[in-house]
Structures are given as structure tokens and as C-alpha cells.
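Asks: As you go down the protein sequences, you meet chains A and B in turn. Numbering follows the working numbering, in which position 66 of the first sequence is assigned residue number 66; successive positions increment by one, without gaps. Numbering follows the working numbering, in which position 51 of the second sequence is assigned residue number 51; successive positions increment by one, without gaps.
Don't read these hints as lab results, they were simulated from the structure. Quick caveat: nothing in here was measured; it's all calculated off a predicted structure. Don't take every hint at face value.
Here are the simulated DMTMM-like cross-link-like pairs (lysine to aspartate or glutamate), alpha carbons at most 25 Å apart as the crow flies [as the list claims (entries may be wrong)]: (1) A:Lys-99 to B:Asp-91; (2) A:Lys-25 to B:Glu-96; (3) B:Lys-157 to B:Glu-186; (4) A:Lys-33 to B:Asp-91; (5) B:Lys-207 to B:Asp-61; (6) B:Lys-18 to A:Asp-118; (7) B:Lys-70 to A:Asp-118; (8) B:Lys-45 to B:Glu-213.
Listed next, the stretches of chain A that the computed footprint assigns to chain B, with coverage defined by at least 3 CB atoms under 8 Å from CB atoms of chain B [said to hold, decoys possible]: (9) 16-26; (10) 117-131.
Idealized CB from N, CA, C, for every residue including glycine.
Here are the chains, one letter per residue:
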Amino acid sequence: MNYIEHVGKYFLMLGRVFNAPVRTKVFYQTILKEIEDLGLKSLGIVLFISLFIGGVIALQTAINLENPFIPDYLIGFATKRSIILEFAPTFCSIILAGKVGSYITSSIGTMRVTEQIDALEVMGINSLNHLVLPKIIATVIFYPFLITLGMFVGILGGWLAGTLSSQFKALEYIQGVQLDFMPFLLFYSTVKTLLFAFLIATIPSYHGYYVKGGSIAVGRASTQAVVWTTIVIVLCNYLLTQLILT
Amino acid sequence: MIEVKNLHKSFGDVQVLKGIDATFEKGKTNLIIGQSGAGKTVFLKSLIGLHQPEKGIIYFDRRNSLDFSKKDMQQWRQEIGMVFQGSALFDSQTVEENLMFPLQMFTNFSREEMLEKVNTSLSRVNLKNSNKKLPVELSGGMQKRVAIARAIVMNPKYLFCDEPNSGLDPETAIIIDNLIQEITTEYNITTVINTHDMNSVMEIGEKIVFLKEGLKAWEGTKEDVFKTDNEAVTDFVYSSELFKKVRKMYIEGKH
Chain A
1 MNYIEHVGKY FLMLGRVFNA PVRTKVFYQT ILKEIEDLGL KSLGIVLFIS
51 LFIGGVIALQ TAINLENPFI PDYLIGFATK RSIILEFAPT FCSIILAGKV
101 GSYITSSIGT MRVTEQIDAL EVMGINSLNH LVLPKIIATV IFYPFLITLG
151 MFVGILGGWL AGTLSSQFKA LEYIQGVQLD FMPFLLFYST VKTLLFAFLI
201 ATIPSYHGYY VKGGSIAVGR ASTQAVVWTT IVIVLCNYLL TQLILT
Chain B
1 MIEVKNLHKS FGDVQVLKGI DATFEKGKTN LIIGQSGAGK TVFLKSLIGL
51 HQPEKGIIYF DRRNSLDFSK KDMQQWRQEI GMVFQGSALF DSQTVEENLM
101 FPLQMFTNFS REEMLEKVNT SLSRVNLKNS NKKLPVELSG GMQKRVAIAR
151 AIVMNPKYLF CDEPNSGLDP ETAIIIDNLI QEITTEYNIT TVINTHDMNS
201 VMEIGEKIVF LKEGLKAWEG TKEDVFKTDN EAVTDFVYSS ELFKKVRKMY
251 IEGKH
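Input sequences plus hints: build the corresponding full structure.
Replies: Written as C-alpha cells, this is what we have:
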């Protein structure tokens with residue numbers, strides 16, 4: 001199957017996903033469960049990576065700013081900008097594409113090969129709507145919160161790294177963080193996060209839903225899902241930056 | 001009653017069903033048999049609407065399912081119970097949740113009423129004290145029984161089973177076969193079973209449709225199987241030494 005056919009099939013899938021659910025009560029319960037599975041269970045890894053990457057960004061910036069005419073508070077400023085603009089929305093989304101994407105593909109793919117999706121269809125339930133829409137809503141609602149938390153922890157990580165290693169003064173770092181705050185950049189970051197959340201929920205769902213074969217096929221689909229989600233995130237990141245920031 | 005006329009289904013260039021005509025009677029266990037690749041599963045999946053046939057008519061009590069509107073289709077789906085080959089239980093849900101799921105989706109019963117229905121269905125398949133267990137904690141035979149209980153929890157008019165006793169030991173397989181037959185009689189439903197298990201054929205085959213290369217090659221009852229001269233059926237049924245002996249004894253007993 002060529003790429004264009006996959007893209008067409010993906011959009012046709014989305015057409016079936018966006019329908020009114022059969023029972024709203026069951027639907028809301030499913031969304032809450034998906035928030036737990038796809039969001040809350042990713043909190044640890046996002047915070048852990050944010051903390052350490054924030055630290056590394058601050059240290060790298062401090063080490064490379066050797067010119068005495070460049071003030072130290074620029075370390076805080078550069079760390080904040082890097083984290084808000086790129087690290088938190090993009091880097092964390094790629095991490096989540098790996099963690100959550102493989103989970104979504106393997107869980108839906110296993111449902112496909114064990115005929116659980118057929119069982120839903122026989123019952124008269126739109127399986128795509130039942131399985132994928134709650135995932136989209138859960139990620140779109142929860143990921144902006146998750147990524148924002150990642151931003152705070154990343155900046156905190158930078159402060160901790162500098163303070164513990166005495167590479168720069170904590171007060172100067174805070175001064176840099178507070179310098180030239182632009183809410184528009186948070187808007188840009190949130191737009192990116194929302195789009196990436198949508199992609200993280202839908203591309204792996206597509207790969208899982210249309211899997212054919214057995215356990216090996218599910219494994220292969222998981223890998224493809226992670227690769228394609230990452231590629232699309234990187235491409236969309238470039239396009240959004242071009243559209244919004246330039 | 002289900003009537004099928006001139007059913008065709010292809011996948012690309014491969015024509016799997018080449019014009020099947022068959023009738024499945026109410027209150028009876030109707031079996032579809034045939035070798036692997038004969039088109040049994042495609043036929044069954046076409047009957048339940050998982051495959052869209054290119055040509056043909058499928059009457060469910062004189063209603064052509066291929067002409068259903070979206071609303072009719074939704075209604076008709078609730079009249080169907082299906083037992084899949086691998087049980088297809090939702091593995092993240094307990095036994096109770098699996099049975100409660102269709103009730104939650106399509107009825108307005110209170111939780112107590114739903115629980116009562118669930119427990120009635122589980123009792124019917126002789127499965128008690130398993131409500132809170134996950135499918136993975138159950139044996140293959142128990143999973144099949146849960147699948148049957150889930151299929152009957154909505155009081156279906158039509159019950160479809162795809163290889164219901166595959167992967168089960170002979171004793172459990174007979175229990176499952178008998179259970180399906182009892183439910184068919186008790187609920188007076190039209191049951192269609194897809195199988196290649198000859199024990200099932202001899203045990204519960206009230207009406208048998210034999211498929212070969214996408215066409216109906218023969219039909220009859222389990223008694224007719226002994227009498228038929230149809231070479232395709234005899235080659236399939238008497239491929240094992242045991243059934244050759246059974247047939248010999250049957251013929252000798254008759255004369």
C-alpha cells in the first residue's frame with residue numbers, strides 16, 4: 001500500500017471516529033480511564049526527563065557562555081526559552097509518542113487480532129468511535145497540562161543543576177527566567193502540544209486498528225506507529241514554527 | 001429463520017463465496033462444515049455483517065439484512081449473539097463487566113437489573129463465583145462459557161458461533177456443544193455454528209451445510225451424513241479411521 005493510500009485511509013478513519021457515542025455515561029467513564037492510562041501514567045517519565053534535560057540545558061549554556069560581556073542571567077533566559085519553545089512541547093511529545101504510541105497500537109492491535117473489535121462491531125458499536133475518540137479527548141485535555149508541568153520542572157532542573165554545581169548564581173538564573181516573558185510563546189507551545197497530542201492518539205490508533213496477522217504483526221505495527229508519529233511530529237513542528245513564529 | 005440466496009464475496013481477485021444458497025432453521029443447531037479454506041468463516045462473517053457481500057440476499061425472518069437502514073441495522077445487531085473462535089472477551093474487563101457491557105450500551109436497566117441479567121446468564125452456562133475474575137484467570141472452556149453467556153445476555157434471536165470448541169479437550173468440547181444446543185432449544189433461537197469438528201457434527205448437527213470451494217456442496221442432518229454418497233462429504237467426514245469404523249458399524253447395524 002502506498003503512502004497516499006495510508007493517508008487517505010487515516011482520514012477516512014477519522015471520519016468514523018468523530019461520531020456521537022452510543023452512551024455518554026460509558027463514554028465519560030472511558031475518557032477518565034484513558035486520562036489515567038495515557039496521561040497520569042506518563043507523568044513520572046515526563047517529570048523525570050524534564051528535570052534532567054532542564055539541568056543539562058542550563059549547564060551546557062553556562063559552559064558555553066565564556067564571554068565575560070555576556071551576563072549570567074542569560075543562562076536562565078536561554079534555558080527558559082529552549083524549554084518553553086522546543087524541549088517541553090516537542091521533545092516530551094516524541095517521548096510520549098514512544099511510550100503512549102506503542103501502548104495504543106499494541107492494545108488496539110491485540111484487540112483486532114483477538115477479534116475483540118469484531119465483537120464490538122457485532123454488538124452494533126462503532127469500534128473506532130468507542131476506542132479512539134476517548135483517547136483523542138484524553139490526550140488533548142491532559143497533555144497541555146502535562147507539558148506545562150514539564151516546563152516548570154525543566155526550568156527548576158536548570159536552577160538545581162546550576163546551584164548544585166556552582167556554575168551560575170541562583171538569583172541570576174531566576175532573573176533570566178523572569179526576563180522578557182512573552183505569553184505568545186506559551187500560546188505557540190500550547191498549539192503545538194494540542195496538535196502533537198492529537199497525532200499521538202490517532203496515528204498509533206490507525207496502525208493498531210488496521211493491523212493484520214498475529215503477535216508479530218502487532219509488534220511491527222507498534223514500531224511503525226512510533227516511527228511515523230515521530231516523523232509527523234517533527235514535520236508538523238517545523239510547519240507550525242514556520243507558520244506561527246516567522 | 002435465516003435464508004441465504006446466491007451469496008458472493010471476493011477479496012481482490014480471489015472469489016471466496018461463489019453463490020451460496022442455504023437455510024438455517026429456528027430452534028435448531030445449524031452447522032456449517034467444510035475444510036479449511038472452504039469459505040466457512042467468510043460465510044459466517046458475511047451473515048453477521050462483518051463482511052459486505054457483493055451479491056446475494058440474506059433474510060433474517062424475511063428481512064433482508066443487506067438492505068437495512070442504519071437504524072434497522074442497529075436494531076438487528078441487538079438481536080444477534082456471537083461466540084468467537086478465541087472467545088473475544090474484553091481482556092481489560094472482568095467477567096461481570098464483559099456481560100454488563102452490551103446492557104450498559106443498549107438498555108436502560110438499573111445496575112441491579114443488569115446484575116440480575118448477568119447472573120442469570122452466568123448461571124445458565126454453569127459459571128458461578130467468577131464475576132470478578134479477569135478473562136486471563138479463566139480456563140479455555142470457562143472463557144467459552146463466558147462468551148456464550150455474553151452472547152445470550154441480550155436475549156438474541158440469532159446465535160452465531162465460530163469454531164466454539166476449538167482448542168478445547170474433547171470432554172469440555174462436548175459440554176460446550178451440548179450447552180449451545182440446550183440454549184438453542186430453550187430460547188427457541190436460530191443458531192448457526194461454524195465448525196470442522198466431527199464430534200460436534202455427530203453430537204448436535206440438526207442441520208448441516210457442507211461448503212466446498214465457496215459453494216454449498218451438500219446439506220442434511222447428522223443421520224444423513226451416514227447415508228450420503230456425496231464424495232466430498234464422505235472424504236471430509238470419514239478422513240479419520242475412527243469415523244470410518246463408526247460408519248461401517250452404522251451400515252452393518254442397518255442391514
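Asks: Against the earlier hints, flag every one the structure doesn't satisfy and list their numbers going up.
Replies: Checked against the structure, no hint fails, so every one of them is satisfied.
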